[in-house]
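Put the complex together from the two separate chains, hints included.
Which chain is which? The protein sequence lines are A and B, in order.
For the first sequence, this note's numbering gives the first residue as -13, with consecutive numbering after it.
For the second sequence, this note's numbering gives the first residue as 12, with consecutive numbering after it.
One or more hints might be untrue.
Calculated cross-link-like contacts (lysine to aspartate or glutamate; reagent style EDC-like; alpha-carbon spacing at most 20 Å) [unchecked claim]:
#, chain 1, residue 1, chain 2, residue 2
1, A, K122, B, D89
2, B, K105, B, D48
3, B, K204, B, D114
4, B, K105, B, D89
5, B, K204, B, D177
6, B, K204, A, D189
7, B, K103, B, D148
8, B, K103, B, D180
9, B, K103, B, D114
10, A, K122, A, D293
11, A, K122, B, E88
12, A, K(-12), B, D55
Derived coverage of chain B by chain A (criterion: at least 3 residues anywhere in the stretch with Cβ under 8 Å from a Cβ of chain A; other residues may be distant) [what the hints assert, rightly or not]:
#, segment
13, 33 to 45
14, 67 to 73
15, 98 to 104
16, 143 to 151
17, 162 to 169
18, 186 to 199
Honestly, the hints are just simulated from the structure, not real lab data.
Bear in mind the structure is a predicted one, so any value in this text is a computation, not a measurement.
Positions of the beta carbon are idealized from the N, C-alpha and C atoms, including for glycine.
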Amino acid sequence: MKPALSVVLFTVLSGAGLGVLALTGCVALFGLPWLFPERLPHATALGLALTVAGLLSSTLHLANPRNAWRAFARFRTSWLSREGVFSLLLVASAAMFAALLYAGADASLRAGFAVLTIALAWTVLVCTAMIYAGLKPIRQWRTPWTPVAYFVLGHLSGALILLGIARVDASNSVRLAHLCLVLVVLAVAVKALYWRAIRAPRDALTLEQAIGVPQGVRPAGTSGTPTAMQARLFDAGHTGRTFLTDEFGFRLARRHRGVLLAAFWLLGIVAPLVWVAGAWWQTPVVVAACAAHLGGLLAERALFFADARHTVRLYHGDART
Amino acid sequence: MKLGLVIDLDTCVGCHACATACKEWNGASAISGPLTDDDPYGADPAGVWFNRVRHYEVGTYPASKTVNVPMSCMHCEDAACVTVCPTGASYKRKDGIVLVDQDKCMGCNLCAWACPYGARELDPSSGTMKKCTLCVDRIHDTSLPEPERQPACVLACPAHARFFGDFDDPASQVSRLSAERGGFGMLPQLGYKPVNRYLPPREPPVVARDADERGPASADAGSALARLVDAARRFAAR
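Next up, chain B with everything else stripped away, as it sits in the complex (with noise of 0.2 Å):
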């Protein structure tokens, strides 16, 4: 089994509705939970998450678009958190979700220092590091309703960019879905094999500029007067 996640870059909103709905189920979960927050009604907040979105232009104006690109645990097939982990703390599951074990990790910072995703966060209030789960505390549990035994983010999204499902199987619908859009894992070149796959944004509209490409005025355009006086005919004429 090798259970990921596929992320569409090109109909994620960046909504932060994955972040917040992860936030929401880990923060009660048994697993690595609570996700605590640091001086949260402070001048200065901060706190554990395991899935951020960021949101990046690409191209130049007027050939650009919005990528939002949501990042969580990858669960790496080569994991070098897990390797790098002294205590036994970090390890990977048969069903390839990494997991840390709560009451073995001592807090050293070396297996976030390995992830080049900054996927690991330390919680200062139990001095341990915290990451994605990939909701393991939902997607096993037999007592849910099978269409909810799903990650927390999957469920949430608005847009429908996130689906989960074990990479293993060729004809599950994240196999397929990443075959066909050319899904692609981050970057490769350091040779963790992260499991997770985004499918790429789609090409951007050329976008007409004012000044020089959208030409003189066409005699039907008008003011909104006349359209206004044109549609109340048509109307009028029905």
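Next up, chain A with everything else stripped away, as it sits in the complex (with noise of 0.2 Å):
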């Protein structure tokens, strides 16, 4: 699949932003120490600008987006409608959630909105990963590992971002180093299991299946069932590019998939491993780490993108997804 950097984008902001905003309404709820109070509203009103910055990323994927007020008609069917009426109601909520943490309203409504955000933050990341995990015709994301990621890597990024937050005032935040470096571990363990899910051929679909001739044609004169034969494109019926070959043609180049790669273990991994676990807490390493964070996480999405192979492909010739 094509790599679109405004759903690449899109994936990446508003996955920190809804961790950010999720780690904050437990922070709250709790009453942790990671924080000081004072600096709630702030790290609230970071993860909503994080996350609409994402929502608005994606509507620059539509084509036709003066119809994009009719995407909440599905909500019963479709996780592209569900992820945005539950996005606009953790808007609302996380809005509401910043205003009584500024005005310090009373404990419990503020408790009640941070459980709203907490539950809301989670059922958008889960949407936006079912996006993907639901659709049948690519293998590379319809397995139970794509929720989880999006799910582990945007509480990494949140977690990052909020320890970032946490330092400006050397608050007493050695728990949430602790937690940045756990998910640090799980974020290896689950894209590790997610690439191993898919380089397994176990669900891989074959091009003589795409046209329905899986056993191949029978020579003449014999009998018996077919013996399995090859099949190849042939010509594809068009001499330029197609819809189809501009969606699901894309083609990583080999070194440009290594170059990718590197980046996710380097800026997305490494960099704020030896942040949190160097202990710098000066505000310009703090920014630059958790900006090489994100661009990691922008270089695993473009992958997550690249990787996946359509069955259009098939047709096209591939010998299989």
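Following this line, the structure appears as structure tokens:
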């Protein structure tokens, strides 16, 4: 699949924003000493800003955005519609939560909106992932590891940003740093398991299956079951590009894949690990580490798209998905 | 009603007449036309088609066969393109036809991603998704003579490899053909229950290879000149 920048940005930015909102909600709800209480509204506002920036970026993907308001119509069947509805509720809930934190409203009301914001942030994260994990023609996406990876990576980037905010005024954030390290380990494990799962050719479909000649055709004069035969594309029927080749025919050069993979490991995993483990809390380092991590996740998300092989590719000559 | 097509992979000659007839009819259709072209006279032309024909070689020479595979919307019974659509632009009619309401589509591409057959194509000029309508504006048009109430692709096929009808009626031509010839739906593994049926290609003949199978030339095979003389002699004897 073609990695569209708008969608890559959307999933990474709103993933981080939702992670920040869910974790800030937990801090407020359980009165954790990770952040000074006066920083909570700032953290919520930043999480909200990242989420909204991501959502706005996703609308750049639409070819006919003036009908975007209709996207709330099919809540019952469409994960994209559910994501839209829950995003709207989340934005309202998080804005209310931030306002209550600023105003210092009574604890029970704050707790109520904290719970609501946490629940909605998790729901939106899962909805976003299920847009991809629900697509049967793309086996690289249709795995339980897709939503798990979105959930863990969203919380990892959220926790790192929250740690950055906490360290600005040197609050007691040892536990938050520990949470970051745990999430880094989880992220590595989940992505490793995801890549292992999509490498297994277990669910792969073949060109022969796609055109309905899994057994090939039987030569004349022979009887019994046809022997397995290979099919190959002779002519795609068009000389130029088509919507299908543009959208599904994307091929990532091996060296570009290596660059993206290296960017994910070095920027997305190693950089924040060194930052947290080395306890360099100067503001420029904090900002650089968070930015590097988000850059690493952009590379990871671009790979998520580039590695996805849609069944349409079989009809254009790929031997298997 | 379960309207759909039967496509005979044995008789399809891969001429693309169905695809061009489709482009011609639907390009002027009010249902989801026009089927615009992008850069039609430039170096890198592209355009919207509802029906594309691809050609495959199946088997290995000499026991191989060219199989031409025309593909358009399968009008699936369990159409994921409809359920993933967030706006409700994609819908399935009572007669089985899957359509896109051009006034509601926001061009998010998700239905095209959900379709395993590549039946949907985004029109960049309108920003909306377009697809085969099964010529819904022909098949139900009572002002047309009855034999013409068929999709443009079916009417255009010179090899008579395409048939249109109701699969819910066991006596219809499409139901009978599919039952007699072992019609199959594409990629049943995915569970979309495609309605269109393909009739499998028949067995290819065994072709003798010059080097090892024809054997020594027989006496009466002779040269072209000898055959010409022989033909002239037989003509004279009549």
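Results for each hint:
no., hint, result
1, K122(A) to D89(B), "holds, 12 Å"
2, K105(B) to D48(B), "violated, 32 Å"
3, K204(B) to D114(B), "violated, 28 Å"
4, K105(B) to D89(B), "holds, 13 Å"
5, K204(B) to D177(B), "holds, 15 Å"
6, K204(B) to D189(A), "holds, 19 Å"
7, K103(B) to D148(B), "holds, 15 Å"
8, K103(B) to D180(B), "holds, 19 Å"
9, K103(B) to D114(B), "holds, 16 Å"
10, K122(A) to D293(A), "holds, 15 Å"
11, K122(A) to E88(B), "holds, 15 Å"
12, K(-12)(A) to D55(B), "holds, 19 Å"
13, 33 to 45, "violated (count 0)"
14, 67 to 73, "holds (count 5)"
15, 98 to 104, "holds (count 3)"
16, 143 to 151, "violated (count 0)"
17, 162 to 169, "violated (count 0)"
18, 186 to 199, "holds (count 3)"
Violated hints for the displayed structure, listed by number in ascending order: 2, 3, 13, 16, 17.
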